[in-house]
Amino acid sequence: MNIVIAPNAFKNSLSAAEAAAAIHKGFTQSRLACVCTEFPIGDGGDGTASLIIQHMEGRLITKEVKDPLGRTIRASFGLIDNGATAVIEMADASGLRLLQPGEYNPMQETSYGTGELIKAALDEKVKKIILCIGGSATVDGGSGIMQAMGIRLKDIDDIELLDLPASLVRLHTIDLSEKDSRILDTELVILCDVENRLLGEQGAAAVFGPQKGASFHDMLMLEEGLAQLSKTVLDKTGRDMAMVKHGGAAGGVAAGLYALFNAQLVNGIDYFLTITQFERVLTDAGLVITGEGSIDRQTLQGKGPFGVAKKAKQLSLPVIGLAGKVPLQPDESLSSYFDILLPISHESMEITAALQHTRDNLTRTASLLGNLIALSNK
-14 MNIVIAPNAF KNSLSAAEAA AAIHKGFTQS RLACVCTEFP IGDGGDGTAS
36 LIIQHMEGRL ITKEVKDPLG RTIRASFGLI DNGATAVIEM ADASGLRLLQ
86 PGEYNPMQET SYGTGELIKA ALDEKVKKII LCIGGSATVD GGSGIMQAMG
136 IRLKDIDDIE LLDLPASLVR LHTIDLSEKD SRILDTELVI LCDVENRLLG
186 EQGAAAVFGP QKGASFHDML MLEEGLAQLS KTVLDKTGRD MAMVKHGGAA
236 GGVAAGLYAL FNAQLVNGID YFLTITQFER VLTDAGLVIT GEGSIDRQTL
286 QGKGPFGVAK KAKQLSLPVI GLAGKVPLQP DESLSSYFDI LLPISHESME
336 ITAALQHTRD NLTRTASLLG NLIALSNK
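Using this note's numbering, read the sequence shown as starting at -14 and increasing by one per residue.
Hints may be right or wrong, so weigh each one.
Keeping only pairs whose Cα atoms sit at most 30 Å apart, straight-line, the calculated DSSO-like set for lysine-lysine is [as the list claims (entries may be wrong)]:
no., residue 1, residue 2
1, Lys298, Lys310
2, Lys230, Lys164
3, Lys10, Lys295
Label pairs and their computed distance ranges (CB to CB) [unchecked claim]:
no., residue 1, residue 2, range
4, Glu42, Ile325, 31 to 37 Å
5, Arg16, Gly55, 54 to 60 Å
6, Pro315, Asn(-13), 25 to 31 Å
7, Ser318, Gly55, 23 to 29 Å
8, Asn362, Leu54, 55 to 61 Å
9, Lys310, Thr47, 36 to 42 Å
10, Lys298, Asn362, 18 to 24 Å
Quick caveat, the hints were computed from the structure, so don't treat them as lab data.
Ideal placement from N, C-alpha and C gives every residue a C-beta, glycine not left out.
Construct the complete structure from the given sequences, taking the supplied hints into account.
This is how it looks when you write it as structure tokens:
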């Protein structure tokens, strides 16, 4: 049996590549005669750019940039398509993983370093930039990137705002005269793993602010600042940041780059599977295994395992989903794409312990699954 193993990352536990390797190990330990192909996936979340670069056999370029708090760090981006396309991981320059938990403060953290990576990619004369924005530490509407790209955000006294994003509430005008015009001649594609819009109860500040350390008061201030940024950009350009689907991704970075840099906001997993030519590995497959930390109805809103299952079902292939958490009751919507959903934990445990045992649980579950398939084939 030819098995394609295409999991997403198991958040706070294993990368997609580590998850694929653990599942592969389990099938190897089973009695099933099989050949496994590992194809770790990303849906725009942290790690997606690295996977694209690996799948496309790209090369890395490393630069000094600012982290979310303005400290100098080294971060890399990839070049693929013979140098014509840059692939940037926002989390490498502006990610939550660059901070200690005690440093989380989205009122003071910006996406400036990601803007520096974009400028560095433009220096390589690329024709296209793919930006993966998952895992960011920021809720600045892309204002840090804007500053890095030469855009000046000013208050009513024509003084540039520097303490972003806290100062966005004082934003009065946007000066585009020094904007790096090269970006307008470059195709900019942003891979998004959420559909949230910029503002409101399901917006960037309300949903993602608390995850990044925002207090209730911070959340209200961030919402006000993003609303002011949206209004000012609309007055200046006629483009409405607040209404675009996916605009709330990465604390509003998607909306800001859509409005000022003509970025295309796309479903991350669909784009990932297309650019990496996932369908090629399905040609001889007899079974597809996917998974991530949780698989439920929200998975069908464009998460990684759904994208994999959708592609597999177009070829009438059976799909098994492995996850730390699956619905207790059968779900008809999920059953249309996943033939079987298996929880990988075999005993009740706290979430911290479950995360620590993800690798072993994946391997054990895959081994048991392989033995069951071997038994049914007798």
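These are the hints, each one checked on the structure:
1. Lys298 x Lys310: With a Cα-Cα distance of about 22 Å, the restraint between Lys298 and Lys310 holds, given a limit of 30 Å.
2. Lys230 x Lys164: OK: Lys230 and Lys164 at ~25 Å, within 30 Å.
3. Lys10 x Lys295: Distance ~25 Å between Lys10 and Lys295 Cα, so the pair holds.
4. Glu42 x Ile325: 31 to 37 Å: holds (34 Å)
5. Arg16 x Gly55: 54 to 60 Å: holds (56 Å)
6. Pro315 x Asn(-13): 25 to 31 Å: Hint holds: Cβ distance 28 Å, inside 25 to 31 Å.
7. Ser318 x Gly55: 23 to 29 Å: At 45 Å between Cβs, range violated.
8. Asn362 x Leu54: 55 to 61 Å: Hint holds: Cβ distance 56 Å, inside 55 to 61 Å.
9. Lys310 x Thr47: 36 to 42 Å: Taking Cβ atoms as reference, Lys310 and Thr47 lie about 37 Å apart, which means the hint holds.
10. Lys298 x Asn362: 18 to 24 Å: Given a distance of about 22 Å, which is inside 18 to 24 Å, the answer is holds.
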